[in-house]
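Chains as they are written, first to last, in my numbering: chain Z, 1 to 157; chain B, 1 to 77.
Don't read these hints as lab results, they were simulated from the structure.
Every value quoted in this text rests on a predicted model; they were computed, and no experiment measured them.
Cβ coordinates follow ideal geometry from the N, Cα and C atoms, glycine included.
27 Å max Cα-Cα, derived BS3-like pairs, lysine-lysine:
no.: 1; chain 1: Z; residue 1: K59; chain 2: B; residue 2: K63
no.: 2; chain 1: Z; residue 1: K125; chain 2: B; residue 2: K3
no.: 3; chain 1: Z; residue 1: K117; chain 2: B; residue 2: K32
no.: 4; chain 1: B; residue 1: K3; chain 2: Z; residue 2: K9
no.: 5; chain 1: B; residue 1: K40; chain 2: Z; residue 2: K125
no.: 6; chain 1: Z; residue 1: K117; chain 2: Z; residue 2: K9
no.: 7; chain 1: B; residue 1: K3; chain 2: Z; residue 2: K59
Chain Z residues, not near chain B, derived (Cβ > 12 Å throughout):
no.: 8; residue: K3
no.: 9; residue: K4
no.: 10; residue: P11
no.: 11; residue: D16
no.: 12; residue: I18
no.: 13; residue: V29
no.: 14; residue: E38
no.: 15; residue: D41
no.: 16; residue: H101
no.: 17; residue: E129
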Amino acid sequence: MDKKFWITKEPINPNDCIKKVVRNEAGAVNTFIGTVREYTDGKRTLFLEYQAYVPMAEKKLVQIGKEIEEKWEDADTSIVHRIGRLELTDIAVVIAVSTPHRTDAFEASRYAIERIKELVPIWKKEHWEDGTKWLGDQQEKTSYAANNPLKEGMRDD
Amino acid sequence: MIKVLFFAELQEAAGSEQVSVEANGLSVNELKAKLLSSYKLDNLNHVMIAVNEEYSPEDTVLKSGDVVAFIPPVSGG
Numbered sequence: 001m002d003k004k005f006w007i008t009k010e011p012i013n014p015n016d017c018i019k020k021v022v023r024n025e026a027g028a029v030n031t032f033i034g035t036v037r038e039y040t041d042g043k044r045t046l047f048l049e050y051q052a053y054v055p056m057a058e059k060k061l062v063q064i065g066k067e068i069e070e071k072w073e074d075a076d077t078s079i080v081h082r083i084g085r086l087e088l089t090d091i092a093v094v095i096a097v098s099t100p101h102r103t104d105a106f107e108a109s110r111y112a113i114e115r116i117k118e119l120v121p122i123w124k125k126e127h128w129e130d131g132t133k134w135l136g137d138q139q140e141k142t143s144y145a146a147n148n149p150l151k152e153g154m155r156d157d
Numbered sequence: 001m002i003k004v005l006f007f008a009e010l011q012e013a014a015g016s017e018q019v020s021v022e023a024n025g026l027s028v029n030e031l032k033a034k035l036l037s038s039y040k041l042d043n044l045n046h047v048m049i050a051v052n053e054e055y056s057p058e059d060t061v062l063k064s065g066d067v068v069a070f071i072p073p074v075s076g077g
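This is chain Z alone, in the form it adopts within the complex (with noise of 0.2 Å):
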């Protein structure tokens, strides 16, 4: 896999992501590791689905990976992200960054999942006990009349 920002349908091994951003010129590598977890507000979850607009979705992610340039100085990122049915601890998401510094690899990866799960068409769905449902993050935070995708997907236009 030659490719530093990518969906997969196969379980993920973090080294695939953080070997491409390891340097000379890094002096940190942070890691974020989204895993799949058991009780969302009492409710327990079972196994989760997730599916993407595949060619989208790692076009999206290469532009994070860009703005992430943009606000960092020479960060490097990688970013994949697991689609299907996932367990309970699976991994769905791993993000690596590497800068010279640490601080900018802690913020840089934070900003990453948060821009994830903002603008990069990937899905999620439920299932519980006593029943499914694919989740829209409008329904648990933020809303798309808060925070439009559409102004930042013209924005590099």
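Add chain B to chain Z, keeping to what the hints say.
Here is chain B on its own, set in the frame of chain Z:
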């Protein structure tokens, strides 16, 4: 013809991952109206539109060969 892609709950509501629609010269908004009358979609109010893999405004005019994706609120991560 325009290729239309559905994802997540929209895919289940429409009962299809993709459909071909005669919509050359229509705006995205007009395409939405056309689909609402043909499929069991409650509403498309919260749905973003991507034309050829880029988020696009509702007044975008479609041409033959375009790929239009209906993007419900995302929930990755």
